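Chain order of the listed sequences is A and B. Note that our numbering has the first sequence beginning at 45, numbered continuously upward. Note that our numbering has the second sequence beginning at 688, numbered continuously upward.
Hints were generated in silico from the structure; no laboratory data involved. Just so you know, these numbers come straight off a predicted model, no measurement behind them. Accuracy of the hints is not assured; some may be wrong.
Chain B side only, calculated, beta carbon under 8 Å to chain A, not exhaustive [what the hints assert, rightly or not]:
no.	residue
1	V707
2	W710
3	R714
4	F717
5	F735
6	V739
7	F740
8	N746
9	T752
10	A753
11	W838
12	M853
13	T855
14	L860
Restricting the straight-line Cα-Cα distance to at most 30 Å, the calculated cross-link-like pairs of lysine-lysine (DSS-like) are [as the list claims (entries may be wrong)]:
no.	chain 1	residue 1	chain 2	residue 2
15	A	K278	A	K403
16	B	K884	A	K589
17	B	K723	B	K829
18	B	K723	A	K278
19	B	K723	A	K66
20	B	K884	B	K804
21	B	K884	A	K66
22	A	K66	B	K875
23	A	K589	B	K883
24	B	K804	A	K589
All C-beta atoms, glycine included, are put in the ideal place defined by N, C-alpha and C.
One-letter residues, chain by chain:
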Amino acid sequence: MQNVAIADQIDELHDPQTFITKYIWSQDHKVIAIQYGLTAIFVGLIALALSGLMRLQLGFPDAFDFINPSDYLQFVTMHGMIMVIYLLTALLLGGFGNYLIPLMIGARDMVFPFLNMLSYWFYLVSVIVLLTSFFVPGGPTGAGWTLYPPQAILPGTPGYDWGIILMLVSLAIFIVAFTMGGLNYVTTVLQARTHGMTLMRMPLTIWGIFTATVLGLLAFPALLVSAIMMMLDKTLGTSFFMPALVSLGENLDYSGGSPILFQHLFWFFGHPEVYIVALPAFGMVSDVLATHARKSIFGYRMMVWAIVVIGGLSFFVWAHHMYVSGMDPAFGFFFATTTLIIAVPTAIKVYNWVLTLWKGNIQLTVPMLFAIGFIFTFTHGGLTGLFLGNVTIDLPLSDTYFVVAHFHMVMGVSPIMVLFAAIYHWYPLLTGKMFDERLGKIHFWFTFLGTYAIYLPMHYLGFLGVPRRYFAMGSMDFIPDSAQTLNQSITISALIVGFSQLIFLYNVFVSLRNGKPAGHNPWGATSLEWQTPDVPPRHGNWGPKLPQVYRWAYDYGVPGAKEDFIPQNHPVTDSERTAGEHDA
Amino acid sequence: MTIETDTSTTYTDPGVDGMVSDWSSDRQTFDLPWGKLMMWIFLLSDTFIFSVFLTGYMNVRLSQTATWPNTSEVFALEIAGTHLPLILIAIMTFVLITSSGTMAMAVNFAYNGDRRKTAILMGATALLGASFVGMQAFEWTKLIGEGVRPWGNPMGSPQFGAAFFMITGFHGLHVTAGVIYLSIVARKVARGDYEKKGYAIVEITGLYWHFVDLVWVFIFAFFYLW
Numbered sequence: 045m046q047n048v049a050i051a052d053q054i055d056e057l058h059d060p061q062t063f064i065t066k067y068i069w070s071q072d073h074k075v076i077a078i079q080y081g082l083t084a085i086f087v088g089l090i091a092l093a094l095s096g097l098m099r100l101q102l103g104f105p106d107a108f109d110f111i112n113p114s115d116y117l118q119f120v121t122m123h124g125m126i127m128v129i130y131l132l133t134a135l136l137l138g139g140f141g142n143y144l145i146p147l148m149i150g151a152r153d154m155v156f157p158f159l160n161m162l163s164y165w166f167y168l169v170s171v172i173v174l175l176t177s178f179f180v181p182g183g184p185t186g187a188g189w190t191l192y193p194p195q196a197i198l199p200g201t202p203g204y205d206w207g208i209i210l211m212l213v214s215l216a217i218f219i220v221a222f223t224m225g226g227l228n229y230v231t232t233v234l235q236a237r238t239h240g241m242t243l244m245r246m247p248l249t250i251w252g253i254f255t256a257t258v259l260g261l262l263a264f265p266a267l268l269v270s271a272i273m274m275m276l277d278k279t280l281g282t283s284f285f286m287p288a289l290v291s292l293g294e295n296l297d298y299s300g301g302s303p304i305l306f307q308h309l310f311w312f313f314g315h316p317e318v319y320i321v322a323l324p325a326f327g328m329v330s331d332v333l334a335t336h337a338r339k340s341i342f343g344y345r346m347m348v349w350a351i352v353v354i355g356g357l358s359f360f361v362w363a364h365h366m367y368v369s370g371m372d373p374a375f376g377f378f379f380a381t382t383t384l385i386i387a388v389p390t391a392i393k394v395y396n397w398v399l400t401l402w403k404g405n406i407q408l409t410v411p412m413l414f415a416i417g418f419i420f421t422f423t424h425g426g427l428t429g430l431f432l433g434n435v436t437i438d439l440p441l442s443d444t445y446f447v448v449a450h451f452h453m454v455m456g457v458s459p460i461m462v463l464f465a466a467i468y469h470w471y472p473l474l475t476g477k478m479f480d481e482r483l484g485k486i487h488f489w490f491t492f493l494g495t496y497a498i499y500l501p502m503h504y505l506g507f508l509g510v511p512r513r514y515f516a517m518g519s520m521d522f523i524p525d526s527a528q529t530l531n532q533s534i535t536i537s538a539l540i541v542g543f544s545q546l547i548f549l550y551n552v553f554v555s556l557r558n559g560k561p562a563g564h565n566p567w568g569a570t571s572l573e574w575q576t577p578d579v580p581p582r583h584g585n586w587g588p589k590l591p592q593v594y595r596w597a598y599d600y601g602v603p604g605a606k607e608d609f610i611p612q613n614h615p616v617t618d619s620e621r622t623a624g625e626h627d628a
Numbered sequence: 688m689t690i691e692t693d694t695s696t697t698y699t700d701p702g703v704d705g706m707v708s709d710w711s712s713d714r715q716t717f718d719l720p721w722g723k724l725m726m727w728i729f730l731l732s733d734t735f736i737f738s739v740f741l742t743g744y745m746n747v748r749l750s751q752t753a754t755w756p757n758t759s760e761v762f763a764l765e766i767a768g769t770h771l772p773l774i775l776i777a778i779m780t781f782v783l784i785t786s787s788g789t790m791a792m793a794v795n796f797a798y799n800g801d802r803r804k805t806a807i808l809m810g811a812t813a814l815l816g817a818s819f820v821g822m823q824a825f826e827w828t829k830l831i832g833e834g835v836r837p838w839g840n841p842m843g844s845p846q847f848g849a850a851f852f853m854i855t856g857f858h859g860l861h862v863t864a865g866v867i868y869l870s871i872v873a874r875k876v877a878r879g880d881y882e883k884k885g886y887a888i889v890e891i892t893g894l895y896w897h898f899v900d901l902v903w904v905f906i907f908a909f910f911y912l913w
């Protein structure tokens, strides 16, 4: 039988009828996206609260009796794991990936909606298992988000019994959920584009999400397998990661395993994970910048190649997380080199964002503020990455607050700045309402300036050699008293930033009811998701006929055009033809 | 079926630009049903899972200090008074490879529209798969009877039992899932559920099955023969 492209197939779409099929067991990618988004933001708030508790302890040691050392370690662990996996990965791919892929490429839905629905429900189960670990004997695991064996499963580490098991089970379920969603995202982008939507006309958002999903499908297996092996070590007493050990004066039954193997497997997942979070953010910020600067993205093709090259290289840099674990200098040299090479395409992207702004008609809307804020935080976080990528500079800085500051700037704050930009940017499409511009700006300034108040001083603490993950510093000769003053100031800033997120939540929820109707395409954007017949888009997205795409996604400020932008589904006019091909 | 489209990307350059524009393809990148592409991508991901299992196994095999048991003796059987090294594994491998053959024939008959033969051949594939799992269960029982456990064994390195149960167990789960998958699809083929949609599903099922067989070849080479 002849294969017919999805865009050419005759639709048999049945609108879901009941409340349950419409909003709960929904197979509509938009509903699934919102389910993903709300769940992710909910666990994200828990992780934010945990970071507040950590900061209270660090800023004011001894002042809070209810935080003891093992609690502190559990806060650190759960904060890290939730933020990286259950918030960022889930919100960027499960949330924005689900919402934007079909709309931006002109499809009616994902290719396999049922699997997509299952993906969300598995994700929810993984979140529930994760949160259950707060209520089991011993509490959640306190092994740090990297879960390094042998300590993760041995007495002395909080949650070594129940906590770690639930953590590993939850991760395994999450990976299954991600795989089900990820297969859909990749296949949909490859096979379900509408007429005229070639790969090189896709908005960069889709390129970022697509590449990140491919990375996820290839990187999560390493985490899955290491979770299985650690689980066997814990429950059956195998020795994959466990060498012969003496614990509390007793010889343990383990022998012959390799803890370094776990580190390799973990970081073979862990480093691509950084880009699983970063690449969708790169893509979305490119679209926000172009739209609100009313100017085509600078160097579209180079941006696409940069995303793909970063994605590919990200599989060859993992051991730069392991310099202090000890390795052959030749390997250190290799991984330092690949790490520095990855800075090249990344720098290309930063230059292109800045050049997109150059001579643009910049609209300082809330999404734009967050997008520009991202350029700052990402550049700063990225520069410190060059320090840590070099073996000799990494050794003294490793496991200090310098590292904490680095990865929070580059993969904590930066993707979150983009997430805020994206939420504000697409809020009118999701809800049909405008948010409160003034509250949004207040939210931005608190978040952006607060970020610097928190993380700039941490670099300095790191240079002093203040170690991370410690419950309290005590009195160490090499740490001056002023470090404590700095810690207090960081804590106060962190609490202010934390509470200022309430402005965001208030704005999002109150605008649902009180916001002004947004109408069609309030930002004047060219990409397809804004050209739907209904706002918010209905089930099936496009009404009776799929859109036809004639041009790339960045026709802003076209000379001679009626408005300062031309949507992707507008045919090329004669005056354009004579003015020369404006096509990617 | 084609629809008139004005893509206005008509690159004639033979170089990189031409290649990019070929690949950037209107509507679909591969001329395949989406299900087949999705299965290929899943198998790529699953390849990484098994690669990591095997890499992990090889790593612990190199890092452990005790002696590694001699696999050809551990997996030997006495049949009719003759000592045959690795005989059971050889039979299992043969059965699994044979099942790939019946699967390939099923795909051929499916595209020729012969529902009955397709269903029978898929059923045969499932049966061969089930007998593979059965022999694996026998092998597990035998080894457990000889005192091999995930945490240790009388023949030497404890990692031997750990890796054995983990890798063959995970592969066995894949085969079992495949048997169930094959049976469901075979039943639907026999009922005529795919008359309208076409028989790509048989080929998709086949892709999964061949993959499981291929993985076994690697497990055979790296675990049993090494």
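Status of each hint after checking the structure:
no.	hint	verdict
1	V707	6 Å, holds
2	W710	7 Å, holds
3	R714	4 Å, holds
4	F717	7 Å, holds
5	F735	4 Å, holds
6	V739	4 Å, holds
7	F740	6 Å, holds
8	N746	5 Å, holds
9	T752	6 Å, holds
10	A753	6 Å, holds
11	W838	4 Å, holds
12	M853	6 Å, holds
13	T855	14 Å, violated
14	L860	11 Å, violated
15	K278(A) / K403(A)	59 Å, violated
16	K884(B) / K589(A)	22 Å, holds
17	K723(B) / K829(B)	39 Å, violated
18	K723(B) / K278(A)	38 Å, violated
19	K723(B) / K66(A)	29 Å, holds
20	K884(B) / K804(B)	19 Å, holds
21	K884(B) / K66(A)	26 Å, holds
22	K66(A) / K875(B)	29 Å, holds
23	K589(A) / K883(B)	23 Å, holds
24	K804(B) / K589(A)	41 Å, violated
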